[in-house]
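Chemist: Given next are the chains, with one letter for each unit.
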Amino acid sequence: MSEQAHVARTLADHLPILVVLVPFLAAPMIVLLGSRILAWIIAFSASLTTVFIAILLLLQVHEGGVISYHIGGWAPPMGIEYRIDAANAIVLLLIAAIGTIVLPYAVRSIRHEIDQKHHTLFYTAYMLCFTGLLGMVATGDAFNVFVFLEISSLSTYVLVAMGAKADKRALSAAYNYLIMGTIGATFFVIGIGFLYAGTGTLNMADIASYISANGADRTIKTAFAFIMVGMGLKVAIFPLHQWLPNAYTYAPSAVTSFLAATATKAAIYVLLRFMFSVFQPDFLFEMNAIKGIMLPLALVAMFVASLIAVFQTDFKRMLAYSSIAQIGYILVGIALLSTTGLSGAIVHLFNHGITKAALFMAVGILVLRSGSSFYARIAGMGKIMPFTSFAIVLAGLSLIGVPGTAGFISKWILVQAAIEQGWWPIALAIVASSLLAVIYVWKVVEVLYMKQPAEGLTRKEAPLSMLVPMWIMTLATIWFGFDTDLALTAARSAADGLLNGFTMAGGH
Amino acid sequence: MFELDFILGHMNYWLFTVLMMIGLYNVVAKGNLIKKVVGLNLFQAAVFMFYISIGKVTGGTAPIFPTDMKIDPDVVYSNPLPHVLILTAIVVGIATTSLALALIVRIREEFDTIEEDEILEIETEMVRKENQACGDVMGGAT
Numbered sequence: 338m339s340e341q342a343h344v345a346r347t348l349a350d351h352l353p354i355l356v357v358l359v360p361f362l363a364a365p366m367i368v369l370l371g372s373r374i375l376a377w378i379i380a381f382s383a384s385l386t387t388v389f390i391a392i393l394l395l396l397q398v399h400e401g402g403v404i405s406y407h408i409g410g411w412a413p414p415m416g417i418e419y420r421i422d423a424a425n426a427i428v429l430l431l432i433a434a435i436g437t438i439v440l441p442y443a444v445r446s447i448r449h450e451i452d453q454k455h456h457t458l459f460y461t462a463y464m465l466c467f468t469g470l471l472g473m474v475a476t477g478d479a480f481n482v483f484v485f486l487e488i489s490s491l492s493t494y495v496l497v498a499m500g501a502k503a504d505k506r507a508l509s510a511a512y513n514y515l516i517m518g519t520i521g522a523t524f525f526v527i528g529i530g531f532l533y534a535g536t537g538t539l540n541m542a543d544i545a546s547y548i549s550a551n552g553a554d555r556t557i558k559t560a561f562a563f564i565m566v567g568m569g570l571k572v573a574i575f576p577l578h579q580w581l582p583n584a585y586t587y588a589p590s591a592v593t594s595f596l597a598a599t600a601t602k603a604a605i606y607v608l609l610r611f612m613f614s615v616f617q618p619d620f621l622f623e624m625n626a627i628k629g630i631m632l633p634l635a636l637v638a639m640f641v642a643s644l645i646a647v648f649q650t651d652f653k654r655m656l657a658y659s660s661i662a663q664i665g666y667i668l669v670g671i672a673l674l675s676t677t678g679l680s681g682a683i684v685h686l687f688n689h690g691i692t693k694a695a696l697f698m699a700v701g702i703l704v705l706r707s708g709s710s711f712y713a714r715i716a717g718m719g720k721i722m723p724f725t726s727f728a729i730v731l732a733g734l735s736l737i738g739v740p741g742t743a744g745f746i747s748k749w750i751l752v753q754a755a756i757e758q759g760w761w762p763i764a765l766a767i768v769a770s771s772l773l774a775v776i777y778v779w780k781v782v783e784v785l786y787m788k789q790p791a792e793g794l795t796r797k798e799a800p801l802s803m804l805v806p807m808w809i810m811t812l813a814t815i816w817f818g819f820d821t822d823l824a825l826t827a828a829r830s831a832a833d834g835l836l837n838g839f840t841m842a843g844g845h
Numbered sequence: 002m003f004e005l006d007f008i009l010g011h012m013n014y015w016l017f018t019v020l021m022m023i024g025l026y027n028v029v030a031k032g033n034l035i036k037k038v039v040g041l042n043l044f045q046a047a048v049f050m051f052y053i054s055i056g057k058v059t060g061g062t063a064p065i066f067p068t069d070m071k072i073d074p075d076v077v078y079s080n081p082l083p084h085v086l087i088l089t090a091i092v093v094g095i096a097t098t099s100l101a102l103a104l105i106v107r108i109r110e111e112f113d114t115i116e117e118d119e120i121l122e123i124e125t126e127m128v129r130k131e132n133q134a135c136g137d138v139m140g141g142a143t
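Chains D and E supply the protein sequences, listed in that same order. In terms of our numbering, the first sequence is residues 338 to 845. In terms of our numbering, the second sequence is residues 2 to 143.
Since the hints were derived computationally from the structure, they do not count as laboratory data. Remember, it's a predicted structure, so these values are computed and weren't measured experimentally. Misleading hints may appear alongside valid ones.
What the hints assert, rightly or not - Here are some, though not all, of the chain E residues that point toward chain D, as calculated from beta-carbon distances under 8 Å:
| no. | residue |
| --- | --- |
| 1 | Trp15 |
| 2 | Leu34 |
| 3 | Ile55 |
| 4 | Val58 |
| 5 | Leu88 |
| 6 | Thr89 |
| 7 | Ala96 |
| 8 | Leu104 |
| 9 | Arg107 |
| 10 | Phe112 |
What the hints assert, rightly or not - For lysine-lysine, the following DSS-like pairs were computed, each having C-alpha atoms within a straight-line distance of at most 27 Å:
| no. | chain 1 | residue 1 | chain 2 | residue 2 |
| --- | --- | --- | --- | --- |
| 11 | E | Lys31 | D | Lys505 |
| 12 | E | Lys130 | D | Lys780 |
| 13 | D | Lys505 | E | Lys130 |
| 14 | E | Lys57 | D | Lys502 |
| 15 | D | Lys505 | D | Lys454 |
| 16 | E | Lys130 | D | Lys788 |
| 17 | D | Lys788 | D | Lys720 |
| 18 | D | Lys720 | D | Lys780 |
| 19 | D | Lys558 | E | Lys130 |
| 20 | E | Lys57 | D | Lys505 |
Unchecked claim - Chain E residues, not near chain D, derived (Cβ > 10 Å throughout):
| no. | residue |
| --- | --- |
| 21 | Gly10 |
| 22 | Lys71 |
| 23 | Asn132 |
Glycine included, every Cβ here is placed at the ideal spot set by N, Cα and C.
This is chain D alone, in the form it adopts within the complex:
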C-alpha cells in the first residue's frame, strides 16, 4: 500500500485528527455544562468514540500502510502532518481502550477519593490528559509532540494532586512531578530547537530524510542527547524515575490505573519514534548511547526496582516500583536493536499496560473497602473479596510472566531476542529478575489468602461498576496470553515500520 495523496473528502479521511479532537472538545463541554452526571456521559461517549476511531485506523494500517493527514490542507513539511502507521496505531488503541475502560470504574472510585465539587473538573482534566497522550502519539510533527506532551503533563499534575483528600502527600508528589516533568519537557524542547537549527524543518519525516542524506553533525547529536534525556524523564528510565513512586502511590486509584497503563507508554512510543525513525539507528553515536547507557540502566532498573518492590509494605507503592522494573524490560528490548527485540518491547509495552491497569484497579477496590492498601489492612481479603483477590492473582501471574498470560508472551520474545543476538547474560537477567517478581507477587498473595483479616472490620465485595472494568482488564491479560497472533502481528509490523523509518515506510 503506498502513501495516500491526501485529499480529505469524507469524515473517514479526517480520522487521524478526530481521534485527538473528540476528547479535546469534550473537555470544555464538561466544564461549561457543569453537571456531574452529564460530565461522565460526555467523557465516556467521547472516549468510546476514540476507541472506534483507533480501531478503524489500526485496520487501515496494520499491514504496513501509512496515513498522512495534512492539517488544514497545508502540505508538509510546511504544514503540520499527522502520520499514522502500524506503530502508533497500536499505541493509540491501547491508550483509547484503557482510557475508556477506566471511566466506568472511576465513578465509584472518585466518589470515595475526590471531593464531590471537583468531580466535573476531574473529568475535564482526564479528557485533556487523554487528548494529550493521543496527540503525542498521532502527530508527525516534532514541535507538536511537545505541545501535546505538555497538555497531557499539566493535566496529569492536576489529576495526581486530586489525591489530596485522601493523603496530603499527593500535593507534594504532584509538585515534584511538575518540577521534574517540566525540566524533562524543556530538555525535549531544547532538543527540538537544536534539531530545527541543524535541519531547518520540524516535520519528523523531513528531518529523517535530511539526516539520512546529510549525516548528523554535532548540532544534531546534541539534539539527540537532549531529546533522550527529556523523554527519559517522562518514561522514568531508571535514574530519572524519582517522581514516579510518590505520584503513583498518592494519586487517586482511577488516575493511577490510567496513568500507569498509558502515560509512560506514550512517552516510550515517542522515544522509539525519535530513536528509530527520526534519527537513524545505524549512526555510531546512537548505537553507543543505546548499548553503553540505555542497556545497563535498563538492567539496573530491572533488578534494583524489583528488589525495592520486594521490601514494600504498601501494595500500591510496590506496584509503582514494579512499573519501573517493567519499563526496564521494555528498554532492554529496544536496546537489542533487532526486529525481534523491538517487537518484544512493543508487545511488552502493550501487555504491561493492561496488566498494570488491572492491578491498580484492584488496588483501588481494596482502598475503597479497607481505607488503604497497606498489607496489614488488606490481610485476609481473599475470603472476603474473592473476585477482586482472584483477579489480583491472575494479573500478578501475568506480571511475573507465567505461561498462559500476556506477560509470558512478551518476556518470551525478549528472551528470544537476546538469545538471537547471542547475549546470553541478558536472557538470564530477564529470567532472574522475573524471579524477584515471583517474590513480590507471592507476598501479596500470601497477605490476601493466608493471613487473618484485621478484627472489627466488616467488608464486602466491591461494587459491580468497579469489578467489571477490572475483570475486563484481567481477562484481557489471559486472552492475549493465548491468542498471541493478534498482538504479535501488530507488534512485528510496528517494529518493521519503526526500523525502516520514514524513508522506507511508504514504499511497500
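The hints should help you fit chain E onto chain D, whose structure is shown.
Modeler: Then chain E, alone, in the frame of chain D:
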C-alpha cells in the same frame, strides 16, 4: 578554537547557557518551593532566548509582508517560525507556573510550610506512623 571572534560570535549561546544553568541550579539547590518555580521560569526563559536567537538572519528585518504583497526580492527577512513556536512555549510556561503556584498554595494550606526540608520532615513522620500502625505484617505472624 576559543578566539575572541568565536566567543563574541556565539554571544547568544553563551547568554542562553549561563541563564539556563542559573535557572537549573535554582531548581535543584533552593529549598523554598517558590524559588524553585522562579528557577524553572529562568530555565524556560533561557530556552525561549535560544529559539528566538536562532531565527535571526543577518541583516534581516521583521518578517511582515507589505499589504499590497509587492515583495522586494532584495529584502531579507528573519525567520518567523521559531518566534511562533516560542509563543506556544510561553503559553505553556505560564500554565506551568500558575499550576505550580496553585499547588504551592494548597501545600501551604495542608503542610503549613513551603520549605522543602520541613515538608520532607512531616512526610517522614507520616511514614513512620504508618509503619507503626500497618508495619511489617509478614514478620510478625510467623
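Chemist: It remains to establish, for every hint, whether it holds in the given structure.
Modeler: Right, here's what the structure says about each hint:
Given hint, E/Trp15 at the interface with chain D, is violated; its Cβ is 15 Å from that chain's nearest Cβ, farther than 8 Å. With its C-beta approaching chain D no nearer than about 7 Å, E/Leu34 sits inside the 8 Å limit, and its interface hint holds. The interface hint given for E/Ile55 is met, as the beta carbon of that residue sits about 5 Å from the closest beta carbon of chain D, less than 8 Å. Evaluation of the E/Val58 hint against chain D yields a violated restraint, the C-beta minimum of about 12 Å exceeding 8 Å.
The restraint placing E/Leu88 at the interface with chain D is violated, with a minimum CB-CB distance near 11 Å, outside the 8 Å limit. Restraint check, E/Thr89 versus chain D: the minimum CB separation of about 6 Å is within 8 Å; hint holds. Look at E/Ala96: its Cβ gets to within about 6 Å of chain D, closer than 8 Å, so that hint holds up. For E/Leu104, the interface hint holds, since its Cβ comes within 8 Å of a Cβ in chain D; the closest pair sits about 5 Å apart.
At about 5 Å, the closest approach between the beta carbon of E/Arg107 and any beta carbon in chain D falls short of 8 Å, and the interface hint on this residue holds. The beta carbon of E/Phe112 comes within 7 Å of a beta carbon in chain D, closer than 8 Å, and the hint placing it at the interface holds. With a C-alpha separation of about 22 Å, the suggested pairing of E/Lys31 with D/Lys505 holds against the 27 Å cut-off. Using a Cα cut-off of 27 Å, the hinted pair E/Lys130 and D/Lys780 holds, with the two alpha carbons roughly 22 Å apart.
A threshold of 27 Å between alpha carbons decides the hint, and for D/Lys505 with E/Lys130 the separation of about 15 Å falls inside it, so the pair holds. This hinted pair does not check out: E/Lys57 and D/Lys502 have alpha carbons roughly 50 Å apart, beyond 27 Å. The straight-line distance between the Cα atoms of D/Lys505 and D/Lys454 is roughly 18 Å, inside the 27 Å bound, and the hint therefore holds. For a cut-off of 27 Å, the pair hint linking E/Lys130 to D/Lys788 stands: about 22 Å separates their Cα positions.
At most 27 Å may separate the alpha-carbon atoms for a hinted pair to count; D/Lys788 and D/Lys720 meet this at roughly 10 Å. A C-alpha spacing of about 16 Å is found between D/Lys720 and D/Lys780, which places the hinted pair at or below 27 Å, so the restraint holds. With a C-alpha separation of about 49 Å, the suggested pairing of D/Lys558 with E/Lys130 is violated against the 27 Å cut-off. A C-alpha spacing of about 48 Å is found between E/Lys57 and D/Lys505, which places the hinted pair above 27 Å, so the restraint is violated.
Every Cβ of chain D is farther than 10 Å from the Cβ of E/Gly10; the closest lies at roughly 15 Å, confirming the non-interface assignment. Remark: the non-interface label on E/Lys71 is consistent with the geometry, its nearest Cβ contact in chain D lying 23 Å away (cut-off 10 Å). With a least CB separation of 7 Å from chain D, E/Asn132 falls inside the 10 Å interface cut-off, contrary to its annotation.
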